[in-house]
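**Q** Single-letter residue listing:
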Amino acid sequence: MDILAEADRVSMRFGAFTAVCATDLVVKREEVVGLLGANGAGKTTLIRLLLGLLAPSDGVVRLFGSPPSIATRRRVGYVPQTLGLYAGLTVAENWAFTAGAFRNSGALVPEAFSAWQHELVGRLPLGTQRQVAFAVALSHQPELLILDEPTSGVGPLGRVRLWEGIRQAASQGAGVLVTTHNMEEAEQCDRLVVMADGKVVARGSAAEITGDHKVVEVRCDDWNRAFALLDASGFPVQLHGRGLRVGGTPTAVAGLLTREGIDATAEIVPANLEEAFVAIVAKPAAG
Amino acid sequence: MTWGLADVRVSRGRKVALAGVTVPVDPSRITVVVGGDGAGKSTCLDVLVGLLDADTGVVRRPAKERIGYVPATAGLYADLTVQENLDFFAAAYRMSGRERSQQAAQIIDRTGLAAARRRLGGQLSGGMQRKLAVGLALLHSPELLVLDEPTTGVDPVSRADLWRLISRAAVEGAAVAVTTTYVNEAARAACVVLLEDGKMLASGSPEDILRGVPGALGTARGIDRPTALSWRRGASWRIWAPTGRLPAGVRPVPPDFEDAVIVAALAGMRGR
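Chains A and B are the protein sequences, given in the same order. Position 191 (the first sequence) corresponds to 191 in the numbering used here; numbering is contiguous. Position 141 (the second sequence) corresponds to 141 in the numbering used here; numbering is contiguous.
Just chain A, with the same shape it has in the complex (with noise of 0.2 Å):
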């Protein structure tokens, strides 16, 4: 069976706040899907409905084919944001109460942490205790993987070192479903989904998302002034190293550019994942 986990029409409601919305995701064996969305979206309600730790209000959601248990548990892998890694006890205690906890007691100490292994969790940098958190839930070799914000914090060489790690895991097989604000990383999935109020608002390859959304550069000399003029009405407009990227139209920005005798050229580009996504989350819910 393919489909390791499923959300079909998924609602979650506490009181009268619809946290989530009749939502659907998949995620497949061998592939990698990074869930997307502003805080207070979902994501992390979504991944409790996954995995069982909360009960849908309407809708089903399926492990393995069946509803969340402590059978489908042991074959799920989750690193929340916070770690789940205990910082007062070392690394080795941390790995033999998982491999406890899971009555994995063959899983050995990865040979890469064998120097620091007794050293506790809570003194360890971020970037390491992220690796350990990693490894840790990839003990009980997991067919399914959830991580939260897997390399928040994580430096540059870290960051490629756990996502060697993640796509090592879906090369052999596993499914990995990955939240994540930094867009560097969401380009590393294989599929996007994005989240805003409780529902999917878009899905597919990081290119389908980004698609036909585009932004305007602008090139000019003052651009302080452009910058400042733009803002102030009430543009979308980011600095972007000598230019100036502004949602809108070039016609609407020229414009008023042209208004306020600022000389500048106004051109049509594509959008990058970061501006096409706040394009889509910043627009309403029926978008």
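Keep in mind the hints are simulated off the structure, nothing from the lab. Honestly, I wouldn't trust all of these hints.
Below, computed lysine to any residue pairings styled on SDA-like, alpha-carbon distance capped at 20 Å [stated by the list, open to error]:
(1) Lys15(B) - Arg123(A)
(2) Lys199(B) - Pro125(A)
(3) Lys199(B) - Gly153(A)
(4) Lys199(B) - Leu126(A)
(5) Lys199(B) - Asp37(B)
(6) Lys15(B) - Gly122(A)
(7) Lys214(A) - Ala187(B)
Partial list, derived from the structure: chain B residues whose beta carbon lies under 8 Å from chain A [claimed, not checked]:
(8) Asp37
(9) Gly122
(10) Gln123
(11) Gly153
(12) Arg168
(13) Glu196
(14) Thr227
(15) Trp231
(16) Arg232
(17) Ala265
Just so you know, even glycine gets a beta-carbon here, dropped at the ideal spot from N, CA and C.
Chain A is fixed; fit chain B onto it per the hints.
**A** Chain B only, in chain A's frame:
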């Protein structure tokens, strides 16, 4: 260099926290210091604002009351409302009544916090708290704005708002120093400093750093790691050849900024 650090060294006990780091911060420009946890980013800012003394090197900063500084973990009072935070900071900066209400109105407008004026700082969302903290640091129109990881853990929508706020301060004349773990944020900067383990891996404009990638870069598919100097980019590999000679079957690609950062980190490791 108007403000900033030149060849600064800081040690803590036997550990070298900064090993000869230069961070120029100039008016109307944004300098971004990029690095992971423990790279020395916060130490740079602590030295810049005067919370920490450099062992050697040159540090230039304006008078304390001309600096706006937001540390990574705070910058506002959680048990005061948004308005009370503004009033408190204005009083601390000894702003006159008229200046105070003008500036506060402008900050409220630029941070989009008008509807949240009476909410407690601690009850705001993470993104709104960071916007308020940056707004409070801007209240007295500082010459030097220093922000420690203002966007870490903040979602891309709030991040875009924050960067508009920061950029507006720069275009209006402030010298801005920002630390981040998000490599793509460096593309917004006039000057980028890459830090790892207290050492400078590279610095310059984003274009300088891109142009400075030595050797050749290529891409290939496959499961096994092609060379020791390879890393994953999505489902394929990136391969860096410092000598410029890529292995057979590897297709050359021009480096982007993300590649440049990883190459700098790999080159730094090889250099040790």
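**Q** Compare the structure with each hint and give your call.
**A** Against the structure, the hints:
no.: 1; hint: Lys15(B) - Arg123(A); in the structure: holds (15 Å)
no.: 2; hint: Lys199(B) - Pro125(A); in the structure: holds (17 Å)
no.: 3; hint: Lys199(B) - Gly153(A); in the structure: holds (18 Å)
no.: 4; hint: Lys199(B) - Leu126(A); in the structure: holds (18 Å)
no.: 5; hint: Lys199(B) - Asp37(B); in the structure: holds (13 Å)
no.: 6; hint: Lys15(B) - Gly122(A); in the structure: holds (19 Å)
no.: 7; hint: Lys214(A) - Ala187(B); in the structure: holds (18 Å)
no.: 8; hint: Asp37; in the structure: holds (4 Å)
no.: 9; hint: Gly122; in the structure: violated (16 Å)
no.: 10; hint: Gln123; in the structure: violated (13 Å)
no.: 11; hint: Gly153; in the structure: holds (6 Å)
no.: 12; hint: Arg168; in the structure: holds (5 Å)
no.: 13; hint: Glu196; in the structure: holds (6 Å)
no.: 14; hint: Thr227; in the structure: violated (13 Å)
no.: 15; hint: Trp231; in the structure: holds (4 Å)
no.: 16; hint: Arg232; in the structure: holds (5 Å)
no.: 17; hint: Ala265; in the structure: holds (5 Å)
Checked against the numbered hints above, the structure violates hints 9, 10, 14; every other hint is satisfied.
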